[in-house]
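K.L.:
So the chains spell out like this:
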Amino acid sequence: MYNFDLVRPTSIDEAVKALGEEDAQPLAGGQTLIPTLKQRLAMPTKLVSLTGIADIKGVCKTDDGQLAIGGGTTHGTVAKEAMADFPGLANLAANVGDPAVRNRGTIGGSLANNDPSACYPAAALGTGATIKTNKREIAADDYFQGMFATALEEAEIITEVRFPIPEKSNYQKFEQQASRFALVGVFVAKYADGVRVAVTGASNEGVFRWSEAESALSSNFSAEAIDSLSAPDGSNMISDLHGSGDYRAHIVKVMTKRAVAAAS
Amino acid sequence: MTKVSMTVNGKSVSGEVEGRTLLVNFLRNDLRLTGTHVGCDTSQCGACVVHVNGEAVKACTMFAAEADGAEVSTIEGAANPDGSLNAIQQAFQDHHGLQCGFCTPGMVMSAAALLKENPKPSEHEIRSYLQGNICRCTGYHNIIKAIMAASGQDVEQIAAE
Amino acid sequence: MPKDTGIGASTKRREDVRFLTGVGNYTDDVNIYGQAYVHFLRSDVAHGRIKNIDTSAASGMPGVVRIFTGADFEGVGGIPCGWQITDRHGNPMQEPAHPVLAQGKVRHVGDPIAAIVAETLEEARDAAEAIELDIEELPAVVDMKAAVADGATKVHDDLENNLCYDWGFVEENREAVDKAIKEAAHVTTLELVNNRLVANPMEPRVAVGDYNRADDMSTLYTTSQNPHVIRLLMGAFVLGIPEHKLRVVAPDVGGGFGTKIFHYAEEAFCTFAARQLKRAVKWTSSRSEAFMSDAHGRDHVTKIELALDKDNNFTAIRTETYANMGAYLSTFAPSVPTWLHGTLMAGNYKTPLIYVNVKAVFTNTVPVDAYRGAGRPEATFQLERVVDKAARELGVDPVALRRQNFITEFPYSTPVAVEYDTGDYDATMDKLQEIADFAGFEARRKESEKRGKLRGLGINCYIEACGIAPSNLVGQLGARAGLYESATVRVNATGGITVMTGSHSHGQGHETSFPQVVAEMLGIDASMVEIVHGDTANTPMGMGTYGSRSIAVGGSAMVRATEKIINKAKKIASHLLEASEADIELKDGQFTVAGTDKSVAWGDVTLAAYVPHNYPLEDIEPGLEETAFYDPANFTYPSGAYACEVEVDPETGKVTVERFAAADDFGNIINPMIVSGQVHGGIAQGVGQALLENCAYDENGQLLSASYMDYAMPRADDVPFYQVDHSCQTPCTHNPLGVKGCGEAGAIGSPPAVINAVIDALHSGGHTHVEHINMPATPARVWAAMQK
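Chains as they are written, first to last, in numbering that gives the first Met the number 0: chain A, 0 to 263; chain B, 0 to 160; chain C, 0 to 787.
None of these hints come from the bench; they were simulated from the model. Think of the CB as a built atom: it goes at the ideal place given N, C-alpha and C, for glycine as much as any other residue. One should not assume that every hint holds.
[As the list claims (entries may be wrong)] Example chain C residues on the side facing chain B (calculated, C-beta under 7 Å, incomplete):
| no. | residue |
| --- | --- |
| 1 | 286 |
| 2 | 442 |
| 3 | 682 |
| 4 | 714 |
Between the sequences and the hints, there should be enough to build the whole structure, so can you do that?
P.N.:
Put into structure tokens, the structure is as follows:
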């Protein structure tokens with residue numbers, strides 16, 4: 000690692016101020032950033048740890064029935080505390096990484112990084128969540144802008160993510176066997192006004208909504224409704240050691256069916 | 000350099016660290032607690048698992064400065080106060096749950112975290128919990144068996160030793 | 000005799016206590032006052048010509064002690080290869096130079112170009128980035144068949160081509176085999192790949208070189224399976240340091256699996272640099288670095304043909320294999336596809352004619368050498384896959400076809416030049432069918448079908464040659480070392496025993512099992528025996544731990560030394576008892592005059608040896624310490640039968656291992672608990688090879704699976720509990736313990752069982768066009784195979 004100063008502010012204001020310095024970078028749980036730093040692939044002069052900011056931790060239900068999760072909340076906490084209200088999300092969180100990673104990694108960190116194989120982007124996009132930052136609120140549909148790219152600006156910190164709680168939902172992750180990240184992950188959420196289906200792991204463009212599946216499921220929320228669809232186009236999907244684009248496309252369809260069947 | 004202070008295995012310690020100093024390096028190099036191992040650089044093998052404020056974390060993926068003020072426990076502090084092996088350690092010996100021993104500290108610390116939240120885990124739950132701890136020697140058979148035994152479950156019926 | 004600690008007892012491991020409490024002493028735990036750290040600047044291209052290395056800016060960076068390049072090693076020896084193969088035409092293999100740091104060219108991603116020694120590791124890394132490299136990239140040689148085609152780019156400019164050797168075995172059988180195949184009633188042909196693997200012991204390699212100018216003594220602490228071999232190779236061939244001025248210590252070593260046998264450039268560098276700089280130099284590999292600097296394993300591309308007569312008797316086997324050597328010859332690399340592979344091609348079967356051809360090829364990849372099983376898994380995989388395919392083509396039961404062709408009479412001389420001393424292949428197959436519950440398989444298959452899954456049962460038989468090896472034989476075969484083992488048994492004055500063995504323990508439990516043998520022989524408790532190993536300063540000589548040789552060779556040396564101890568102790572006892580030596584019996588730690596109640600205790604005899612007041616000084620020397628070297632008369636031949644049951648998810652192609660059973664014949668067994676553990680670990684590695692692990696390069700020689708993010712290690716939820724049994728025991732006839740060795744069996748026996756099960760599952764689901772799937776059978780590959 001290149002060296003840097005590490006600061007641990009206790010408020011968002013202090014953190015934003017610290018991030019104002021040149022080449023300062025936020026550090027959430029660090030479960031992706033620290034391995035990146037070890038490879039010397041990033042060269043921040045200052046890391047601003049967000050782990051000391053109590054205000055951005057925790058899970059609660061809002062007055063309008065959404066689930067609000069602080070950006071600094073760990074996957075482990077989400078897995079436990081979201082279970083009663085939003086089991087689809089809790090189960091997703093419970094399968095991110097491994098237990099030790101879940102005790103450090105945070106929802107805000109995952110969404111800010113937007114790894115194309117991460118799980119949380121599928122939940123955020125699949126529910127039409129709102130990403131709240133220290134500056135503004137961003138709709139999930141506007142937030143994800145391709146692999147590792149988001150709408151976040153410099154010194155912008157995810158303070159909270161608000162999930163509209165679906166009637167039913169489920170996330171199916173088909174794991175890449177080495178990293179255990181999603182080779183394909185599909186989040187399906189059923190709402191009174193329709194169904195959303197978001198896919199992670201598969202596309203060169205990062206997380207995306209499978210609109211054909213959404214319309215089919217909106218009129219008939221059953222695994223059979225997916226049967227009649229052809230798999231999404233594999234030509235722009237990730238093709239690597241672990242599977243071709245066409246294979247991933249096929250798995251998108253399989254996982255979507257399974258998510259619908261398992262939705263609760 | 001910044002000063003960090005923490006409690007490690009019940010003792011107050013402090014030291015000067017750089018921003019980039021990982022918790023595992025602080026433990027191994029500054030405190031000479033070399034029981035915590037480094038087996039990878041992608042946060043996957045789990046040889047470095049320690050407890051920070053009672054939770055299992057990968058000490059190779061946390062900065063020492065972030066543990067300032069924390070309670071840290073490592074394998075060196077795992078045995079009973081009289082120095083005898085604790086129930087998990089003893090079960091690992093009784094059931095041959097280790098061979099080269101390199102992954103073992105992380106395994107024992109992960110197992111302890113598991114049993115704290117789930118005192119009688121099933122085989123499936125143990126295997127699932129240990130996804131972040133890689134062992135190359137044992138094929139996991141005897142590790143799973145040891146953790147089941149440590150949790151008071153009868154392992155006599157499990158496939159041959 | 001205390002039965003809980005002698006031969007056959009599942010004694011709990013004494014070494015566990017230090018590992019479980021965090022006080023083991025691994026090489027990275029070794030720190031020497033004033034040590035500097037080295038970082039290796041490694042090639043990021045697979046093949047290139049070094050035009051210039053400018054270290055001037057880097058040398059002035061903070062903390063830099065000195066920067067070394069290939070130029071600093073001119074006049075220093077290269078990394079030697081320990082085995083010379085003679086090709087089909089009687090010519091020696093092509094053997095390239097292997098400099099410690101690259102000279103002239105870089106030949107694989109990870110080839111070390113410069114070594115930066117600095118006060119801290121991060122300062123060394125900083126300086127590495129300031130080195131200006133001018134490397135002209137050359138076309139990379141990756142595919143083996145392309146590498147030996149006419150006009151291929153040469154990995155080594157000074158060699159004729161990229162063919163290390165073209166080996167035929169047994170060359171005299173070639174025409175007869177061709178004829179038998181031509182005339183056969185049925186020939187089954189299979190082309191397959193034995194996938195390249197990375198051994199991945201959990202402890203990455205570490206080397207700490209130290210130098211004491213007061214006595215001109217160099218010390219190397221290293222993660223090695225065989226410190227004496229490193230001392231010999233590095234001292235004699237690389238650095239020119241005589242053995243009495245070079246000490247090599249391999250303390251606690253966190254797994255080896257073959258990849259820590261070899262002498263590596265980093266070891267030589269740290270030792271060399273410590274002498275130059277007059278201070279200790281430490282290198283700790285990161286896992287990412289390990290992927291591009293630890294020798295890889297396997298990587299064979301093979302075509303095998305099995306000929307059968309009209310009654311389904313095997314009549315001939317012909318194989319052609321391309322074996323990847325990588326860019327340089329690692330220590331034992333040439334022996335793996337030849338003497339550890341060709342000689343095993345008979346397997347468990349009485350096939351009268353066999354011909355094995357192996358073309359070893361240089362490519363721009365990391366060197367390939369022995370990995371758990373080394374050659375024997377490659378032989379077993381092709382043989383057991385082709386037998387399974389033959390059974391399917393002929394419509395016969397795969398178990399029955401195997402049984403029909405089993406060797407049943409021993410000793411048996413194979414057509415590939417080895418003599419199996421003992422075995423009972425029907426017995427292990429019977430045991431397998433029992434413990435794997437073949438009878439219940441159909442019910443389990445139906446239950447899987449109900450859940451939409453395809454279930455398959457795969458079986459496999461294996462034979463391996465281990466207990467490596469008779470020195471005179473391997474000498475004829477090209478080994479540049481003897482493969483005996485030594486032991487010193489030092490009986491201390493008060494009766495406690497220290498055994499110094501050349502067999503290194505890095506997970507195998509020697510510190511527990513070796514004392515069981517001595518305790519049994521002397522009739523004392525094993526707690527009175529301590530094992531010392533891993534340090535050239537305290538052990539007479541050692542060829543180390545690999546090829547499942549520790550108990551068969553190292554254990555036998557210890558037995559021989561202990562026999563000498565007993566002989567001498569009886570002489571002392573006869574003097575103390577005033578009886579004839581011939582009448583002295585040793586039982587339960589007491590020396591007794593036969594037929595009388597006169598006896599003297601073990602401790603009284605040992606004390607007399609060191610306090611020789613009442614002692615036959617005119618006949619024997621004081622003291623009680625003996626050394627023995629044991630050179631085996633033959634290989635040992637463990638064998639067994641394995642069964643795997645998998646479920647395939649037909650929608651995704653994902654394979655899960657549901658059941659696994661192993662019935663092994665290891666001859667006599669010292670510690671059954673440890674033996675089972677060895678089998679468990681081997682099975683997981685075999686399952687890993689079959690389903691998960693894939694070391695892959697792209698066409699430019701870039702390593703695609705360069706970390707655990709892309710190289711899939713078996714994890715706890717990838718494997719089931721295993722049913723293992725080693726009650727079938729046909730003792731080895733030529734070593735004193737009747738032992739055969741058990742370290743590699745699991746990794747040899749399991750991959751074919753897994754793949755045979757996958758194929759069986761797919762056929763049960765109607766995918767009868769699938770004849771083979773190359774390892775690893777990843778979900779994507781299995782799914783692709785199912786699509787016609």
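K.L.:
Please go over all the hints and tell whether each is borne out by the structure.
P.N.:
Status of the hints after comparison with the structure:
1. Below 7 Å, beta-carbon pairs count as interface contacts, and residue 286 (chain C) has one with chain B at about 4 Å; its hint therefore holds.
2. About 19 Å separates the beta-carbon of residue 442 (chain C) from the nearest beta-carbon of chain B, more than 7 Å, and the hint is not met.
3. Against a cut-off of 7 Å between C-beta atoms, the interface hint on residue 682 (chain C) holds, since the closest Cβ of chain B lies about 5 Å away.
4. Look at residue 714 (chain C): its Cβ gets to within about 5 Å of chain B, closer than 7 Å, so that hint holds up.
In summary, the one numbered hint that this structure violates is 2.
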